[in-house]
Amino acid sequence: MSTTVECDPPPLHGDNFAWQPQIEVTVAPQKAAYAVGDKLTVTWHWTTPPRNISPWLVIAADTVTPTGTVKLTGAQAVNVTVKGPRKNPYTSGPNPLSVSDMTGTFTVTQNGKIDLSPAAYELKSDWIPDPMRCAAKAPVPVALSLQVGGPLPGTPTPGQSPTPGASGTPGASGSPGATGTPGATGDPTGLPSGLPTAGASGFPVGGDSGNPAGGDQPPAEPKTPPPPGPLIMQIQDGVTMAPFAPGAGPQLVQGELKPVTVVDGRNSTLGWTLTGQIDDFVAIDGSRIPADRVTLVPNCAPTVTSPSAVMGGLPGTAAGYPELLCRQNPSMGELTGGQFRVGASLNLAVPEGTPAGDYTAEMTLTLI
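Just so we're aligned, residue 976 is where the sequence shown starts under this note's numbering, counting upward by one.
Don't take every hint at face value.
[What the hints assert, rightly or not] Simulated pairs of lysine-lysine, DSSO-like, Cα-Cα distance not exceeding 27 angstroms:
1) K1006 / K1062
2) K1046 / K1006
3) K1058 / K1099
4) K1099 / K1112
5) K1058 / K1112
6) K1006 / K1058
7) K1014 / K1058
8) K1112 / K1046
9) K1062 / K1046
10) K1099 / K1046
[What the hints assert, rightly or not] Derived Cβ-Cβ restraints for the label pairs, each shown as a range:
11) P1205 / P986: 37 to 47 angstroms
12) K1112 / T1278: 11 to 21 angstroms
13) S1073 / I1343: 12 to 22 angstroms
14) E1327 / T1056: 38 to 48 angstroms
Hints were generated in silico from the structure; no laboratory data involved.
All values reported here derive from a predicted model rather than from experimental measurement.
Note that CB positions come from ideal geometry on N, CA and C, so glycine has one too.
Make a model of the complete structure from these sequences and hints.
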C-alpha cells in the first residue's frame, strides 16, 4: 500500500517535506480467524524505501535505526511499536535510504475486526543528534484487517433495528434505474472514469512442453521468465444493486461488485493491494443513505495457474476509508504475479422512512 507522510528532518538538515513510501504490513502467524489471547508479530516491510535523513550529508552504512508505530483500530484500539536493526547501505544526498524492516508484537484482547495501519516512523542516525520524524496524513489507509472470534459486530442482517431515516412517505415500489433503486443495474454505480482499464489479455503462463518421450528432437531450451509487464485492473460491469420497496420499513438490499480482473505481469517479488471505498447514496432531492449502512464481503482468487497466493479482506464497511478487497503479499525471493478475479457482495441496510428516489453512490477502487 502507498501512504503519504509529512517528515520533519533534524535541525539544519532541510525543510519539512512530503514523502510517499510503499509499505506492507503483515502479521504472523497467519490465520483465517484469531482468538483472544493470541500473540501476534507485526512486520512493517518497506516495499519502497523512505527518504534520506539529510539532503546533503552522507549516511554511513549500518548507522540508522528505524522505529515506527502501527495503529490498531476497530475492535481493539492500541498503538504497536515496531523497530528494526541498524542495517542500511552507504547513502548520499537526497536519495532514498534503504533501512531495515521493523517488527513488534501485540496480544489480541477483543473479538471483532481489527484494522492495522502504518501511522508514523522515525529514522535515527548514530551521527546526527535528533531523528527524522515522519507522520502519516489522515485518514491513514488500512493496510491489513484481522478477524477475531465470530461475526463482525454491526454487520447488517434482516430485521436489524434501523437508525432514524428521513421523514416523508415513500412512493411506489422501486425498479432498476427508477424510483427506489439504490444505484443502477448492469453498469458501474459512479465508478470513476480515471481508474486504469488497460485491455491486457492476461499474464503469460506456462512454458514449452518439452520433447516427446523417445523422440529425436533436441532438448528443450531452459524456461525463462516472461519479460516484465504492467500491474493493471480491468473493470467490466461495475456495481449492481437490487431495488428496494419504499415504505416497507427497514430493509436489507443486496448488491454486487462484479468481478474485477487484476493482472500482475511485473515478474517481480512485489505484492499488490486492491481496496474499495464507497460514498453515501444520494438522491436527486438530496435524500441520503449513509455509506456506513453498506457492508462489503470481499472475495478473490487466481483465475489461471499462478505462482502467487492471494487473500481477501474481511467483511466490513468501506465508508470513510478504503476497505481491503484483495492482497498479494510480496515474496522473499520467488517471482510473484498472475491473473486474479476480485469481487464483493454488498449489503445495504436501508433505514425506515427512506424517501423514494433514484439513489446513486460512487465506489472508488485503488490498486497499488
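Against the structure, the hints come out as follows:
1. As the CA atoms of K1006 and K1062 are separated by approximately 30 angstroms, the hinted pair breaks the 27 angstroms bound.
2. A threshold of 27 angstroms between alpha carbons decides the hint, and for K1046 with K1006 the separation of about 20 angstroms falls inside it, so the pair holds.
3. At most 27 angstroms may separate the alpha-carbon atoms for a hinted pair to count; K1058 and K1099 meet this at roughly 11 angstroms.
4. Between K1099 and K1112 the alpha-carbon distance is near 21 angstroms, which keeps this suggested pair within the 27 angstroms criterion.
5. For the suggested pair K1058 and K1112, the alpha carbons sit about 21 angstroms apart, so the restraint of at most 27 angstroms is met.
6. Restraint check: the Cα-Cα separation between K1006 and K1058 comes to about 24 angstroms, which is no more than 27 angstroms; the hinted pair holds.
7. This hinted pair checks out: K1014 and K1058 have alpha carbons roughly 17 angstroms apart, not beyond 27 angstroms.
8. For the hint pairing K1112 with K1046, the CA-to-CA distance comes to about 13 angstroms; that is within 27 angstroms, so the pair holds.
9. Taken as a hint, the K1062 and K1046 pair is honoured in the structure, with Cα atoms around 24 angstroms apart against an allowance of 27 angstroms.
10. Our distance criterion of 27 angstroms between C-alpha atoms is met by K1099 and K1046, whose separation comes to about 21 angstroms.
11. For the pair P1205 and P986, the beta carbons lie near 43 angstroms from each other, so the given range of 37 to 47 angstroms is met.
12. The supplied range of 11 to 21 angstroms is broken by K1112 and T1278, whose beta-carbon atoms lie about 35 angstroms from each other.
13. One distance hint, 12 to 22 angstroms for the beta-carbon pair S1073 and I1343, holds here, with the actual separation near 20 angstroms.
14. Between E1327 and T1056 the CB atoms are about 46 angstroms apart, so this pair conforms to the stated range of 38 to 48 angstroms.
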